[in-house]
Amino acid sequence: MSKQLYVDPNVVRAPGKITFTDIPVNTYQKKVKDELGNFTPEEFKNIYRDMLVLREFETMIQLIKTTSEYCGVPYTHPGPAHLGIGQEANAVGEAFCLDVEDMIFGSHRSHCDILAKGLSAIEKLDDDKLLDIMKNFLDGKTYAVAEKEPHETVKDLAINFLLYGAMAEIFARETGFNRGLGGSMHTFFTPFGIYPNNAIVGGSGTIAMGAALYKKINRKPGIVVANLGDGSLGRGPVLEALNMACMGQINELWSDDMKGGLPLMFNIINNQYGMGGQTVGETMGYDAPARMGAGFTPTQMHAERVDGWNPLAVIDAYRRKKKLLAEGKGPCLLDVVTYRMSGHSPSDSSSYRTKEEIEAWWEQDPIVEYRKQLIEAGVATEEECDGIVKYVKDAILRNFKLSIDEEISPRMNLEKNPDELADMMFTNGHVESFAPDAKPDVNMPMEECPRVQAIAKKERWGFDKDGKPVSKNKVFQLRDGLFEAIIDRFYKDASLASWGEDVRDWGGAFAVYRGLTEALPYHRLFNSPISESAIVGGAVGYAMAGGRALVELMYCDFLACAGDEVFNQMAKWQAMSADIIKMPVVLRVSVGSKYGAQHSQDWSALVTHIPGLKAAFPATPYDAKGLMASALAGTDPVVFFESQRIYDVGEQFHEGGVPAEYYEIPFGKADIKRAGKDITILSFGAVLYRALKAADELKAKYGMEAEVIDARTLVPFDYETVLESVKKTGRLVIVTDACERGSFASEVARQITEMGFDYLDAAPTVVASRNWITPAHELEESFFPQPSWILDAIDAKIVPLKGHARVTNQTLNEKLRNERRGV
Amino acid sequence: MATPIIMPRQGNTVESCIITKWNKKVGDPVAVGDILFAYETDKASFEEEAKEAGTVLQIFFAEGDDVPCLTNVMVIGNPGESFAEFDPNAGSAAPAEAAPAAETAPAGEAKAEAEETAEAPVILGEMKISPRARNLAEKSGADLSKVVPTGPDGRVIARDVQKLIDSGLLVTAAARAGYQGGVEGTGLGGRVSLRDLEKKPEAAEAPAAAAAAPAAPVELGVPVDDSYTEPMSNMRKVIAKAMMASLSSMAQLTHNISYDATEVQNARKLFKEKGEKFGMERISINDIIMYVVARTLAMPEHKALNANLIDDGKTMKYFRGVHLGMAVDTDRGLMVPTIFNADKMTLKELSATAKRLAKECKEGNINPDYLRGASFTVSNIGSLGIESFTPVVNPPQTGILGVCAITDGVRVENGEIKVYPKMTLSLSYDHRALDGTPASKFLVDLKNNLEAFTLMLARG
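First to last, the protein sequences are chains F and X.
Counted the way the numbering used here counts, the first sequence spans residues 3 to 825.
Counted the way the numbering used here counts, the second sequence spans residues 18 to 477.
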């Protein structure tokens, strides 16, 4: 929403028609002889060399997978191999035009793309820079192998480095580009502009969009290419990315130099198949992927179809599209026709296509054709071409031998050094700004922000001098704590950008961002489309490219809509890149209530289950501010749970109230909200206040002093504090608003049972929500844990409370009956 | 109104109990709290207290009878009231119509109440107990046989054990191994001690005596089976179990050696006659032996005997000092106080310490800390004239030395028979901890040291 845009009924309701311009199809039909003078002979010949490198590289892996040897050298590779034989020309053509700072993001079938981009970068970098990159990469481990290979020039050395690093990575060697942690589907090398490739089909769509946002918002040169297969156009996140990349606000609402479309190319590698599914005629209705561009913007994304089997056609297209992108007319979409002559994977028997079809394509093999053209145009002789073939084959065989040598290319020993990988799960950094040289774009000094001024008048301690609660209007609330930490980082880190649904004028659905609209320009805080995948995936790409992102999901329930982006992308890329990539993304997730089954779920357990995500769930203004500050200064992905029940609570625990100045609360430190000796109650998030009520009742009616611990963070979780408390009390109740089955509370109960068994006077008990749908607000007290349930559980399972009348059925039979029914 | 008393059910798996003693007979008046009868299961013994007053109208079972749980065993009421309807032995006869339902109900209720208030202690071994409560009990020596569970589902929880501790219901460390419950403590602070364990059999003697029915006249010289059986009292079972536990849990065996006690006797004589002004006149032969034992054990090559074998036989726990357990016979029974760091004491110090500890044991005011922690034990029963015996190792120690009486020994010296004072030493040891040769070498070193006692003393 924006008041700047007037929705005029007279315009919206007026008759008329929507027109399209023609989408060009394979208009470029030139050959080498037609372009003489436009390329140097060296360039012509390098195109041939590069296509050969790609072909031989893929052939080598194909032979290993199918015959367990290459050129008589035996080897077995049990991992994946999605090969791109036939897709060399489009990759080389694309890379030919890309500069080093241009970024490519790809798919599971990216060997061709990364090698082509690497060879292109090597060609464009000067020798000093190349040496600098190679020597400093992973402490020079990869370089140490490559430099021993015979080479005449630094560029030759760099080609060896590229081939060896990629092969070692594919074969899971410690000397590979990601220390063997990425593998075939994820090999990348950021110094050459090769960014992560994704094994989730279409996964790179939203990520590349986010990287383009980074380039734009941070005024970085270059473009971003999303190399996506035609099959990926069936995926929602890709459509979300296409849409969000085209969002109108960039031209309409973003100010001054920020106007202009994203420097983003959706490069659809149209190899005709999504695994075995034939996109045209079977699984899609678009007839040609190029048509898709017309659906997203009036510019039709400048879409056209290009003959991807002619490298010169691809180069021609890229030259034109790069110009458009540089002029701020992006994003663009290319439908690059190619054909995968190898199977989807080596186990593919091509049962979905005919031999005739494959043979017909082989007859037009682009590498054979291009060589013919080179010779025909007099650029190279047969002998020269044979020389290039020999150079390539030698290089592939040489590097293959090195990359499978157990001594030269060892694997990580995770038996002996499990911490090698364990230490990579989080980077645990503290970075004030990811754009230390840039001045943050803001609209006003922070103290002039109306929200900042309003907060200055609020009471930062929740009680007045008589001990009575300060009214909601006057008290510094939890949402104010979040706001303070967030605006602080916006004024410190110029790279920080934030987007989500209704985060701007609305101030966020729960008013956390109120006042930020005034303080920040559009490009640092903007409304996204209702596209959870693109919101989170965009943040992942933004962080990969080098920035810090703060994004939000309006309701925890929408986590399901961004499942891949949170669980596979945000969580994994630090370790998959051997920590070369940092993931400073804070994902705010608001946990609802009152709104029924699809707007009231606490899904913290999903997040804690996935390795690689940190998770916080504060319950007080003091903790909210300190934890958010900590999250926003870190380098790790954080899912930051907030409860809608308590956005308005004042500070009741931190003596003196919430400090006005900046502070951080480290993750992994639980907080004892009330000390006690008779029983420990551990709570997650908003349920803290119900736990405290139960503690009050325990004290008043049964003389028991409960120790109430607020977990504050779930990953990492502070078992020490809970264990110490349990050693003292011997009793533990864990309370959570999440449904009981599989909740994180259940996980903690199990862990404490193991860790503190000898100290326990009863099994730790979990008081959680029912394993039901969340019913209507009026019925919620039968669903979410109540103070009385906590007492019931204590009475029934831990220590009988004399005279306590239970309101819930705590018998074993009832439990068994429910479990039998799956509820 | 006449009220039947049932045989309580001590745990879900107990089917019947044996009546071991009747404290009341028919016609006796009963006050609330009086002990009506004693009974036992295979694991523990109990006493049934009267919950209401009256007169014993009938008793349905004799001592030694095995009575199914929840069966009526006696009836209390006012003289003259009818009790026949409660007779469980009349079960074959048709019960009075309608009445049983009405009458058995109160019995059932009484039982339910008993369970709810958990008056009856739970049975060890079948007890539901939280890990924390168990640990607390182990650490404190709380007498779990007397615990009243108040946790959910009849579980013993920490506060129940704390209540035992607060009430002084404890078992001494020494008695714990063999203790299975049901004994009234008479030790320090009411602790159940070994002495109490040994006392119990006497209480159970009555039924045994009763079972020994007078023999009928027999015809001599004719084949006959005149044997009779008696159930083992619970206490004997307990002791049997403790002994078996010691003997079956380790590879115990005994080596004997004798030595010439001339020098020891001479020293003892010297101390007695001339030691007074040095305060050494009461140094006994046992003190001298312990002095030498401590110093011999302190030799590095004998460390396996100055040790505990713990961890189910997986770990040897060695001691830097020699902490000598000393068996002391007291009115309360056998006690074994520890002389810590005996190997570093002068003979005078050791003797004084031994005397003090023995005195405290006899007076019953010894600090319980001195009743544990021994690395080796010396047991002297020589005063009773025993010439050789097999002492039983006190686990987890690896050895115990039995000291026997001095007798006249003879040996041939230069072709002549000589008489000399001879004392036998019996070393029982755990073969798991050490082999026969090192055990023998210890005895040989001990013998040599004792025979050269003056040199030992001079060396210090």
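If you're looking for bench data, these hints aren't it; they were derived computationally from the structure.
For glycine and all other residues, C-beta sits at the position ideal for the given N, C-alpha and C.
Check the hints yourself; a few may be wrong.
As the list claims (entries may be wrong) - Simulated restraints, written as ranges between beta carbons of each label pair:
no., chain 1, residue 1, chain 2, residue 2, range
1, F, Thr-810, X, Glu-247, 53 to 61 Å
2, X, Glu-155, F, Gly-705, 25 to 33 Å
3, X, Asp-51, F, Glu-816, 53 to 61 Å
4, X, Glu-247, F, Glu-816, 25 to 33 Å
5, F, Lys-418, X, Ala-475, 44 to 52 Å
6, X, Glu-155, F, Glu-409, 40 to 48 Å
7, X, Glu-64, F, Gly-824, 23 to 31 Å
8, X, Glu-155, F, Tyr-664, 46 to 54 Å
9, X, Tyr-245, F, Glu-816, 51 to 59 Å
10, X, Pro-385, F, Arg-772, 48 to 56 Å
To be verified - Incomplete in silico selection of chain X near chain F, CB under 8 Å:
no., residue
11, Asn-152
12, Pro-166
13, Gly-168
14, Thr-454
15, Pro-455
16, Ser-457
Hint check:
Remark: the range hint 53 to 61 Å for Thr-810/F to Glu-247/X is upheld by a beta-carbon distance near 55 Å. Between Glu-155/X and Gly-705/F, the C-beta spacing of about 28 Å keeps the proposed range 25 to 33 Å intact. The hint said 53 to 61 Å for the Cβ distance between Asp-51/X and Glu-816/F, and at roughly 44 Å that hint is violated. One distance hint, 25 to 33 Å for the beta-carbon pair Glu-247/X and Glu-816/F, is violated here, with the actual separation near 51 Å.
The hinted window of 44 to 52 Å between Lys-418/F and Ala-475/X is violated, with their beta carbons roughly 59 Å apart. Between Glu-155/X and Glu-409/F the beta carbons are some 56 Å apart, a value that contradicts the proposed interval 40 to 48 Å. Roughly 51 Å separates the CB atoms of Glu-64/X and Gly-824/F, a value that falls outside the hinted 23 to 31 Å. At about 51 Å, the beta-carbon gap between Glu-155/X and Tyr-664/F stays in the expected band of 46 to 54 Å.
In this structure the hint that Tyr-245/X and Glu-816/F lie 51 to 59 Å apart at CB holds, the actual value being about 56 Å. Against the hinted window of 48 to 56 Å, the Cβ-Cβ separation of Pro-385/X and Arg-772/F comes to about 53 Å, which satisfies the hint. The criterion of a C-beta within 8 Å of any C-beta in chain F is met by Asn-152/X, whose closest approach is roughly 6 Å, and the hint holds. Interface restraint check: Pro-166/X against chain F, minimum CB-CB distance 10 Å, threshold 8 Å, status violated.
Look at Gly-168/X: its Cβ gets to within about 6 Å of chain F, closer than 8 Å, so that hint holds up. The closest approach between the C-beta of Thr-454/X and any C-beta of chain F is roughly 41 Å, which is over the 8 Å cut-off, so the hint fails. Nearest Cβ of chain F to the Cβ of Pro-455/X: about 37 Å, over the 8 Å cut. The hint is violated. The beta carbon of Ser-457/X comes no nearer than 42 Å to any beta carbon in chain F, farther than 8 Å, and the hint placing it at the interface is violated.
In this structure, the hints that do not hold are numbers 3, 4, 5, 6, 7, 12, 14, 15, 16, in rising order.
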